[in-house]
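Given these sequences and hints, build the entire structure.
These protein sequence lines are chains H and X, in that order.
Letter 118 of the first sequence, counting from 1, is numbered 117 in numbering that gives the first Met the number 0, and no numbers are missing.
Letter 210 of the second sequence, counting from 1, is numbered 209 in numbering that gives the first Met the number 0, and no numbers are missing.
Treat the hints as calculated values from the structure; they're not laboratory data.
The C-beta atom is built at its ideal place from N, Cα and C for all residues, glycine as well.
Watch out, some of these pointers could steer you wrong.
To be verified - Partner residues are not named here, just some residues of chain X that face chain H (Cβ under 8 Å, in silico):
#, residue
1, T35
2, N39
3, T40
4, Y45
5, G48
6, P56
7, S57
8, V64
9, L94
10, L98
11, N100
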Amino acid sequence: MRTLTAIALTLLATTAMAQHLDVQTTVHKQEVVVNDAGEEEKRLVEAEVVLPGETVFYTITFTNVSDEVADRVVITNPIAENLAYLDGSAFGAGMDIVFSVDGGETFAAAGELTVTADGETRQAKASDFTHVRWVMRNDLAAGAQGTARFAAVLE
Amino acid sequence: MKTSSKTIGLSIRLGALAAALLFGQQAMAEGTRAGTVVDNTASVDYFVGGIDQTDIPSNTVSFVVDRRVNVTMVPSTPGVEIIAPGQGDVFADFLLTNLSNSDLDIDLALINAATGTDIDGTNNDDTDLGDPRIAVWTDFESGTPAAPAVPGTGTTTATIDNIPADDAIRIRVWGAAGLALVNGTFAGLQVTATSLADDGTALAYGVANTDGLENVDVNGNDGVVVSVDGFAVQSAELSVLKEYSVLSDPLGSGLAIPEAVIQYTVTITNASTTTNATDVSITDALDDNVDFNLGQYTAGAVTSDILIDNDGTQTVCSADTAGTDTDGCSLDGVNLVVGNANGPITVAADTTLVVTYQVTIQNPIPTTP
Numbered sequence: 000m001r002t003l004t005a006i007a008l009t010l011l012a013t014t015a016m017a018q019h020l021d022v023q024t025t026v027h028k029q030e031v032v033v034n035d036a037g038e039e040e041k042r043l044v045e046a047e048v049v050l051p052g053e054t055v056f057y058t059i060t061f062t063n064v065s066d067e068v069a070d071r072v073v074i075t076n077p078i079a080e081n082l083a084y085l086d087g088s089a090f091g092a093g094m095d096i097v098f099s100v101d102g103g104e105t106f107a108a109a110g111e112l113t114v115t116a117d118g119e120t121r122q123a124k125a126s127d128f129t130h131v132r133w134v135m136r137n138d139l140a141a142g143a144q145g146t147a148r149f150a151a152v153l154e
Numbered sequence: 000m001k002t003s004s005k006t007i008g009l010s011i012r013l014g015a016l017a018a019a020l021l022f023g024q025q026a027m028a029e030g031t032r033a034g035t036v037v038d039n040t041a042s043v044d045y046f047v048g049g050i051d052q053t054d055i056p057s058n059t060v061s062f063v064v065d066r067r068v069n070v071t072m073v074p075s076t077p078g079v080e081i082i083a084p085g086q087g088d089v090f091a092d093f094l095l096t097n098l099s100n101s102d103l104d105i106d107l108a109l110i111n112a113a114t115g116t117d118i119d120g121t122n123n124d125d126t127d128l129g130d131p132r133i134a135v136w137t138d139f140e141s142g143t144p145a146a147p148a149v150p151g152t153g154t155t156t157a158t159i160d161n162i163p164a165d166d167a168i169r170i171r172v173w174g175a176a177g178l179a180l181v182n183g184t185f186a187g188l189q190v191t192a193t194s195l196a197d198d199g200t201a202l203a204y205g206v207a208n209t210d211g212l213e214n215v216d217v218n219g220n221d222g223v224v225v226s227v228d229g230f231a232v233q234s235a236e237l238s239v240l241k242e243y244s245v246l247s248d249p250l251g252s253g254l255a256i257p258e259a260v261i262q263y264t265v266t267i268t269n270a271s272t273t274t275n276a277t278d279v280s281i282t283d284a285l286d287d288n289v290d291f292n293l294g295q296y297t298a299g300a301v302t303s304d305i306l307i308d309n310d311g312t313q314t315v316c317s318a319d320t321a322g323t324d325t326d327g328c329s330l331d332g333v334n335l336v337v338g339n340a341n342g343p344i345t346v347a348a349d350t351t352l353v354v355t356y357q358v359t360i361q362n363p364i365p366t367t368p
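Here's what the structure looks like:
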């Protein structure tokens, strides 16, 4: 009886600690090549050679690997120190996108953010953003997958 | 409250940025430094069954900022430097700027530009300077640079050690202008600058390095930049013509007979359209059978022995034996000198100098048998 109780507690603990979601991030850069027809063609390639001024593209893929529905799913991505968010680049199907200019403490739509510098308040620019956040409007069903993307310029 | 919070947060961020600009402006100006690792990690917050779950971080993806090699080198002053034949140690400066996102070492090599090389966008190289030499200024432009000493003969290479990103340095090149250089010719000195890593090792291009730090020359020259500065040889082109006329003679014959008064005219023309002839000196060894006539000419209120017309401006000077005054003229009994160290004469480009003086032919008939 004591043994059974111990097993039951172990199972409960395992269930509580199990991750429902798997989250993967990739980074690419854009390359322009000329195809056989002589036309310029853009394609994403591994970000192996990245120089200042170039744009990198991040993709966050999240999958509900559990049997339960996940709701109120929010993906947050801090923008690295040497990167500047590329205006209008964030995308996520069925998601609202908000940004932070204060290190992730608060978030709002891009047009609602302001910054104060030298005593003057102005509307925030894309380069002011410190974080980008995607808020799913709907639940993420068991086995379902979502994708969030954004791009940034290496300063 | 939300706005206030954002403002404080951003102020902190801007404060950090301002500090970074103050203390690291040079590196920032040309972008993120080569070798910087940029990491990215997303996280997901979610609920299950109404219960907030622990945030799940993604994997971390990283890339290394690669080395953007961008070095420029141009002559410090546009156009050609004017030099004269025989002028030693003529020089020109180049300005080399490191626009890369890393510090670099630079190897420099100097040669005479090949014949036909465009030296200033207008003229082509068609002659060489002797003994080309090269040296680097004593400090970067961000410091307190001073011109380098003239290097020894045969110094055709130099190295710039650790030029910081967004800094610049001057390079001086010298050459010797031989006396045989021809007026109107052009000489170019060509500097080749090769970028190296800041530890002096060569940079490889177009290959994936094991440390993930690739090298890309934005100009497509694999870290090599070449620049030429030019020299134009310009000298005065003098010609001399000596003529005489008979002003009077005892018989009224107009011939150069004993006791005839002769006026000599020496005309010096500078045909160069660009270069003045300075320190011009005319020497005429008078014939033993003539006597120099003093006090024959007046310019302004002064009467003296020799008339000088320099491009329309007339002066007179004295044929004094000592020649120590400042009029530039002397006569030691035989040699008449016009233009000496005490009174140098300049014949400007495209002008004429005319010197006039008189002598009397001696009468060779002995006065006593």
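Hints, one by one, checked against the model:
no.: 1; hint: T35; in the structure: 6 Å, holds
no.: 2; hint: N39; in the structure: 6 Å, holds
no.: 3; hint: T40; in the structure: 7 Å, holds
no.: 4; hint: Y45; in the structure: 4 Å, holds
no.: 5; hint: G48; in the structure: 7 Å, holds
no.: 6; hint: P56; in the structure: 7 Å, holds
no.: 7; hint: S57; in the structure: 4 Å, holds
no.: 8; hint: V64; in the structure: 6 Å, holds
no.: 9; hint: L94; in the structure: 23 Å, violated
no.: 10; hint: L98; in the structure: 11 Å, violated
no.: 11; hint: N100; in the structure: 5 Å, holds
Figure legend: structure checked against the earlier numbered hints; hints not met, in rising order: 9 and 10.
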